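Please model the complete structure; the sequences and the hints are all you need to start from.
Numbering follows the numbering used here, in which position 134 of the sequence shown is assigned residue number 134; successive positions increment by one, without gaps.
Mixed in with the good hints there might be a few duds.
Okay, the calculated beta carbon distance ranges per label pair [unchecked claim]:
| id | residue 1 | residue 2 | range |
| --- | --- | --- | --- |
| 1 | 4 | 65 | 17 to 27 angstroms |
| 2 | 202 | 21 | 53 to 63 angstroms |
| 3 | 102 | 202 | 21 to 31 angstroms |
| 4 | 90 | 150 | 19 to 29 angstroms |
| 5 | 244 | 72 | 39 to 49 angstroms |
| 6 | 106 | 21 | 20 to 30 angstroms |
| 7 | 20 | 210 | 21 to 31 angstroms |
| 8 | 65 | 203 | 19 to 29 angstroms |
| 9 | 97 | 187 | 16 to 26 angstroms |
| 10 | 4 | 72 | 16 to 26 angstroms |
| 11 | 98 | 37 | 22 to 32 angstroms |
| 12 | 185 | 251 | 13 to 23 angstroms |
| 13 | 98 | 224 | 21 to 31 angstroms |
Everything labelled a hint here was simulated from the structure, so no lab data went into it.
Model, not experiment: these values are computed from the prediction.
Ideal Cβ positions, reconstructed from N, Cα and C, are used throughout, including at glycine.
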Amino acid sequence: MADFNERVIEEFRANGGKVGGMFEGAPLLLLTTTGARTGRRHTNPAVYLRDGERVLVFASNAGAAHHPAWYHNVLADPRVLVELGEERFAARAMPLEGEERDRLYARQAAIDPAFAAYQEKTDRVIPVIALHPEAERLRAFGDELVRIHAYLRGELAKAREGGPAGDLRTHCLAFCDALAFHHNGEDRVAFPHLERLFPELKEPLDRLRAEHVVIARLAGELREAADPGTLDRVAAELESHFAHEEERLVPVLNALESVPWA
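Structure, rendered in structure tokens:
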């Protein structure tokens, strides 16, 4: 297994994150952890799933009876290094629990049925680990906001491309989850900090909060019935919302020397 991993890692780094063989076409990253017992750095390839600003990995170990070694490593030291395509960034690993873990594992299993087979094969609950990029990656936070919006626009575009009803529902649920994670973070953390730092932003922030409520209601309708008409309404509301948010907040965010809520 060690030799196999090394070959995958070498191919990944030589080809900007693209590999062949059993991982060809799969969303793959390299995860570097610190050994819980040895203190040495270990790198493993892992299939990932994007979820808003964070990246999810799954300690499936192909359905083996025991967790992979890298999972024990992140429990001992959650500071990790992620290589995703040609991008490298520090992140903090956080295992998910309860309903959130179950929902996100089910989403991954719907996208890649192998993960459903892994869970059926073992008695253990396969952990889902969220990788949160560290603050140094977010220095130009306004640019990061634009990147997040571009990702959400892309997820919405995938849903609007259509396809079989099952695929449409899977894409819609993935998009709604990512959007809710992003907007909840803004409402609970980022916006209150910005309002304290810049009282003059109260009016645009209040407007953005109100738009979050409207978009959340439409997303709820989309969860109930993933139909193209509702998708079009979500797309129209969201594009107006993103444009206004980028116009008002990106210059302010990029001027910050530190991000107090990161």
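Hint by hint, here is what the structure shows:
Hint check: residue 4 to residue 65, Cβ distance near 20 angstroms, so the stated range 17 to 27 angstroms holds. Take residue 202 and residue 21: their Cβ atoms lie about 55 angstroms apart, and the range 53 to 63 angstroms holds. Distance hint check for residue 102 and residue 202: the Cβ-Cβ separation is about 39 angstroms, which falls outside the suggested range of 21 to 31 angstroms. One distance hint, 19 to 29 angstroms for the beta-carbon pair residue 90 and residue 150, holds here, with the actual separation near 22 angstroms.
Checked against the hint of 39 to 49 angstroms, the C-beta distance between residue 244 and residue 72 comes to roughly 46 angstroms, which is consistent with it. Distance hint check: the CB atoms of residue 106 and residue 21 are about 27 angstroms apart, consistent with the given range 20 to 30 angstroms. Taking 21 to 31 angstroms as the suggested C-beta distance range, the pair residue 20 and residue 210 does not conform, at roughly 49 angstroms. In this structure the supplied range 19 to 29 angstroms is violated for residue 65 paired with residue 203, their Cβ-Cβ distance being about 57 angstroms.
The hinted range of 16 to 26 angstroms is satisfied by residue 97 and residue 187, whose Cβ atoms lie roughly 22 angstroms apart. For residue 4 and residue 72, the Cβ-Cβ distance of about 20 angstroms falls inside the hinted range of 16 to 26 angstroms, so the restraint holds. A hinted range of 22 to 32 angstroms holds for the C-beta pair residue 98 and residue 37, which are about 29 angstroms apart. At roughly 20 angstroms, the beta carbons of residue 185 and residue 251 sit within the given window of 13 to 23 angstroms.
Against the hinted window of 21 to 31 angstroms, the Cβ-Cβ separation of residue 98 and residue 224 comes to about 23 angstroms, which satisfies the hint.
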